[in-house]
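J.: So the chains spell out like this:
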Amino acid sequence: MLERLGRATIRRAEEASYAFGFFAQVMRESILFFRRRQVGFKVLVMQILFTGVEALRISAVLAVAIGAAINLIGSSLLAEFGQSKLMYSLLIIVITRELGPLLTAFIVIARSGTAIATELGGMVVAHEIEAYVAVGVNPISYLAAPRLLGVVASMLTLDVYFNLFGLAGSFAVVQLIKPIAFDEYFRNLLEVLGAGDLLMGLLKSLVFGVIIAVASLYRGFAVERASTEVPVAGIRAVGSSFMLCIVADVLLTAMQYLG
Amino acid sequence: MAAPVLELRSVTCTRGEAVILDEVSLRLEEGEAAFFMGAAGSGKSALLKAASGLDVASAGEILFRGRELSRMTRREEAEFRRKTGFVFQDAALWANQSLYDNLALPVRIHEPGLGAAAIDAAVRRAAELVGYDEELRARPAELSLGERRLIGLARALVLDPELLYMDEPAANLDEESAERVHEIQAALKDRGRSLFVASSSSAAVSRFADRVGVLRGGRLLAYGSFDEAAAWTDPALRGITGRLKARKAPPRPEWASSLAGAWADALAEDKSAVDEPEWKLRDGASGDGDIDSDADAGPSEGGGEEDGRG
Chain A
10 MLERLGRATI RRAEEASYAF GFFAQVMRES ILFFRRRQVG FKVLVMQILF TGVEALRISA
70 VLAVAIGAAI NLIGSSLLAE FGQSKLMYSL LIIVITRELG PLLTAFIVIA RSGTAIATEL
130 GGMVVAHEIE AYVAVGVNPI SYLAAPRLLG VVASMLTLDV YFNLFGLAGS FAVVQLIKPI
190 AFDEYFRNLL EVLGAGDLLM GLLKSLVFGV IIAVASLYRG FAVERASTEV PVAGIRAVGS
250 SFMLCIVADV LLTAMQYLG
Chain B
53 MAAPVLELRS VTCTRGEAVI LDEVSLRLEE GEAAFFMGAA GSGKSALLKA ASGLDVASAG
113 EILFRGRELS RMTRREEAEF RRKTGFVFQD AALWANQSLY DNLALPVRIH EPGLGAAAID
173 AAVRRAAELV GYDEELRARP AELSLGERRL IGLARALVLD PELLYMDEPA ANLDEESAER
233 VHEIQAALKD RGRSLFVASS SSAAVSRFAD RVGVLRGGRL LAYGSFDEAA AWTDPALRGI
293 TGRLKARKAP PRPEWASSLA GAWADALAED KSAVDEPEWK LRDGASGDGD IDSDADAGPS
353 EGGGEEDGRG
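First to last, the sequence lines map onto chains A and B. Convert by adding 9 to the 1-based position in the first sequence; the result is the number in the numbering used here. Convert by adding 52 to the 1-based position in the second sequence; the result is the number in the numbering used here.
Bear in mind the hints are in silico, worked out from the structure with no lab data behind them. Don't take each hint at face value.
Okay, the calculated bits of chain B under chain A, using three or more residues with CB under 8 Å as the criterion [stated by the list, open to error]:
#, stretch
1, 81–90
2, 100–107
3, 154–161
Covered stretches of chain A (chain B as the covering partner; in silico rule of three or more C-beta atoms under 8 Å from a C-beta of chain B) [what the hints assert, rightly or not]:
#, stretch
4, 132–138
5, 141–147
From the three backbone atoms N, C-alpha and C, an ideal C-beta is built for every residue, glycine too.
Work out the full structure: start from the sequences and follow the hints.
T.: Structure representation (structure tokens):
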């Protein structure tokens, strides 16, 4: 039993070491991406198109709905305590700092995380990755780096859009309950919006983007031979990304409030 | 003395607990064609992938012109890839790219200074070489497996490599395409290129092999010149040597050129390969002398017959 435990520990340590090495290599190639001869630029553009542009509609619908819901709940609840003014703080905290990055991450995980993992897994099974290596193309710099950059750029952009649409959705509800001038609404919002809120939202989007991309790439490249491994890679990419994003969210939030 | 174009020193590859290549050592000199034979699962593809650096060896050294693959710098590795090509058994074309881009990518990577016209010329030349004259804007999924494999061969040839790894290049191709692959192998040999081929076709081995290797269970049972291979007497190698000898039999008489005659001749040839004593066959083989003359493996039956048998 002790032997089995030892072997399992060694295997885990090897996997962790491999995962860390993979992460380091993807980050290195991503940083050097714009300095290298760029045949992967098209991959970057396609990734932004798929992850960012094509997710815009669902992100906007979700943001408007969330903004509206917060306003509906907040306006009735806060009014009971005579704290209606706190509505703007609540909107900023929930949409800009917390839910915006997290829900955007969930959208990207559901759409792009699975797509990246299964696409790469399929390429491994079809020996396409080996074919890239055989012709002298580094799969990390050609396939992984542009995907990571595309996902991160899309996360940041989608987060900004989520904020705009979320606050706009809230404004639309305000017009139904208690009409208020557009400039007054946004002036009140800007009064409570600090640079720290914006930066934390963007930092979370950046971290979540890196997590989603690396986890999905790792799971995709980890497929070995069988096509049955491909959907499993997709499922694992989603599971890992969700878990790591939530853990990172808690840590970043704790840093902000406790630090 | 110049370093061999490729050298493997006690190369071992493992997958999990399984050993898929077991201490394989061999040398391939400039301009030579080495063919590796063995049953399915014997380690032929694993050998090619290890020798080309596509699979990482768990032990041993692989040297290309004296430079060890695992110690190459990024630039040296790019140069190695520039000078070598790999033909995959299942084509391994990039499904999300057009055929044109499949052929153009290696050129774009290794010849970044080339203009669109020069890239286009290289792509069209490679496609023409393998006899593909259809639309190159199509995606690989629109092609038959045979066509995909021809494009896979064209991709490996597009940069005119010095060393070509080929994994069953003519298997499952129609006779015309298989013969074209053989013609390309002949042309590559004429141009002094080195070939490292996994093959189940003893016809191809008899036509082109300077060196023959036999694999079983990941072990290289034997590796030697074609003449040495023809003289192997080990029972474990007898099936393969028998087929090689059959290929080296004297040319058939003219009457055998008719279809019925050819069938009869093929049957007789098969029978003689089985029945005749080994020493007699060996004499016949050495009397033939020229392995490239391919007297008995004409374009029509060379690949097809052997592929069917193998």
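J.: Would you mind marking each hint as holding or not holding in the structure?
T.: Hints and how they fare:
no.: 1; hint: 81–90; verdict: violated (count 0)
no.: 2; hint: 100–107; verdict: holds (count 4)
no.: 3; hint: 154–161; verdict: holds (count 4)
no.: 4; hint: 132–138; verdict: holds (count 4)
no.: 5; hint: 141–147; verdict: holds (count 6)
Hint violations for this structure: number 1 only, all remaining hints satisfied.
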